[in-house]
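All chains, please: the whole structure from these sequences, using the hints.
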Amino acid sequence: MIEILSQTALATVQDLGRVGALGFGVGTSGAMDNLALAAGNLLLGNAEGDAGVEVQVFPFDVRFQAACTFAVTGADCGATLDGVPVLPWWVCAARAGQVLQLRPPRVAAWRGSRAYLCLAGGVDVPVALGSRSTQLRGAFGGHAGRALRQGDVLPVGAAGAAPRAVGFGVQPAGLVEPLLQDGLPAIRVMPAAEHDCYTPDSRAAFWQQPWKITPQSDRYGFRLAGPSLTPTVPLELRSHGIVPGVIQVPHGGQPIVQMRDAQPTGGYPKIGTVIDADLWRLGQAPIGSQIRFVACDWAGAQQASAWNRRYLDDIRRLTALYRGLRDRG
Amino acid sequence: MPFQHVAEISAWLAGSDITRLELSGPEGVVRLGQEVAPATPASVAVRSAGVGVFLHRHPLSTAAFVAPGARVAAGQMVGLLQVGVLLMPVLAPSAGLAVGYLVPHGQIVGFGVAVLTLESLPQEACA
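Sequence lines, in order, name chains D and Y.
With my numbering applied, the first sequence covers 1 to 329.
With my numbering applied, the second sequence covers 330 to 456.
FYI, nobody ran anything at the bench for these hints, they're computed from the structure.
Mixed in with the good hints there might be a few duds.
If you only want the chain D side, here are some residues facing chain Y, beta carbon under 7 Å, derived [claimed, not checked]:
(1) D76
(2) P88
(3) P104
(4) A109
(5) L175
(6) P178
(7) Q181
(8) L312
(9) D314
(10) I315
(11) L318
The structure presented is a predicted model; accordingly, all values stated were derived computationally and were not measured.
We treat Cβ as the ideally placed atom computed from N, Cα and C, and that holds for glycine.
This is the structure in C-alpha cells:
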C-alpha cells in the first residue's frame, strides 16, 4: 500500500487504457506516455498493462506503507527515497515507512513532463469496463473515479513470490529513438478527412511551422498556438466519432489535439491525426514548449508502432534474462 | 641557522615527497630527512562484469557517478554497463578513493576490463 502525502493535483491511476468502450461513449483514458508505463511495468516483472500512478504536478510525495519494489519512469523528476537520490527508469526497493519524493521534471537529454510511479504487482484498484484507468469525465475507474488526494491509500497487487532483483534499469524511449525536426520534438501525423479543405498557406504552415503547447492543455486535449489555419470555405460538420490523436481546428483556427481523456465524439473539422505510436511523445511535451508536425502515411504509422513494440519486447526479454541471472546468483 | 624553525620545516617536509633537506648557514648546517613512504597505496580496479557499453553517467544525467578524488563505498555504483536498452550497475568491489575512469564514456568494453581505479583509503580513514 502506498499513501499519498502531498496536496497533489491531477495525479491519477492509469493503465494502458480502456479500449473497446468507445461504442458506449466511454473514452479510452490510459497513460499519456504509455511506453513509460509499460516499460516501468516490464522492469518490475509486472504485466505490461498493470496500473501505475501518472504524476503531472510536482512535487509529489508518497509513503510506502509496506516494503515494495518500484520504478519511476517517464520524465526525470529527480526522485529521492528518504532523501537519497534514486535513478529514473530504474528498479528500486523501498522499505516500509520510506518516503518517495518526485520533484519538477529536469531538463535532461530528453525532456518530459509526466512521471509514472510503477509498483511491483501494480496498483490494485478494481477493474471497470476492462481497465483500471481513471475515467475523469465519467467519474469511475482508477481510485474512486477521481484524481488522487492527500491521504489516499492505494492498494498494491501481490508481486511474484520469487525474489526480485533490484538495481538495474532501461534506456528511456525518448533517448533510444529521438525524433526531431529543425531541433524541435517531432510528432508524426497522418492527414485527416478535412486536411484538403484548408488553404494551401494554412496547410503549409501546419506542416512547416512550430506549434506551442498552451497552458490550456491537459489529459483531455492539447490546445496549440501557431499560425491561424483557415478553411477555403466555412466548414460545418455533424458530430462524429473521434479518437485520441485527432487534431481538430475550431473556428479560431488554432488546433486542438485530442488526448487520452478525449470525449468520443466531436464536430470540428480534422486536419490531421497524431499516429497512435507517437501520442506518448506529445503527451510528454511540456506546456510552453514547441513541437513540429511531420507528415506520415499508413505504412510509416505501422512502422512506428512496430518500433514501439520492439522497444518493449527488448525490455521484456533483456530484463527477464538479467533478473534470472541475478535471482540465481 | 634559527633552530626554532626546525619543527615548522619538519612539518612541511612531512607533507611533501622530499626525503632529505640540507640547510647550511653561518651558524651551522641542518640536515632533515624522512623515511620513504611505504610504496604507493594499494589500488584496486573496478572491472566490467560483462560485455557492453560502459557509461560514466546515467543517460538522463549530466553528472558522472563518481568524480576523481571522490570517496567510494564498497558496493557503490560507479558506472553502468549498457546492453541494448538494458542498463546494469557497475559496482565498486571495495571502498576507496576514485582515481579516474580508465575508459571513455560510451566505449564498448569486454568482460573483466578495468574501468575505474580505486586507491585504498589511507590507514587512518579505515579506523
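Structure-inconsistent hints, enumerated in ascending order: Numbers 3, 6, 7, 8, in rising order.
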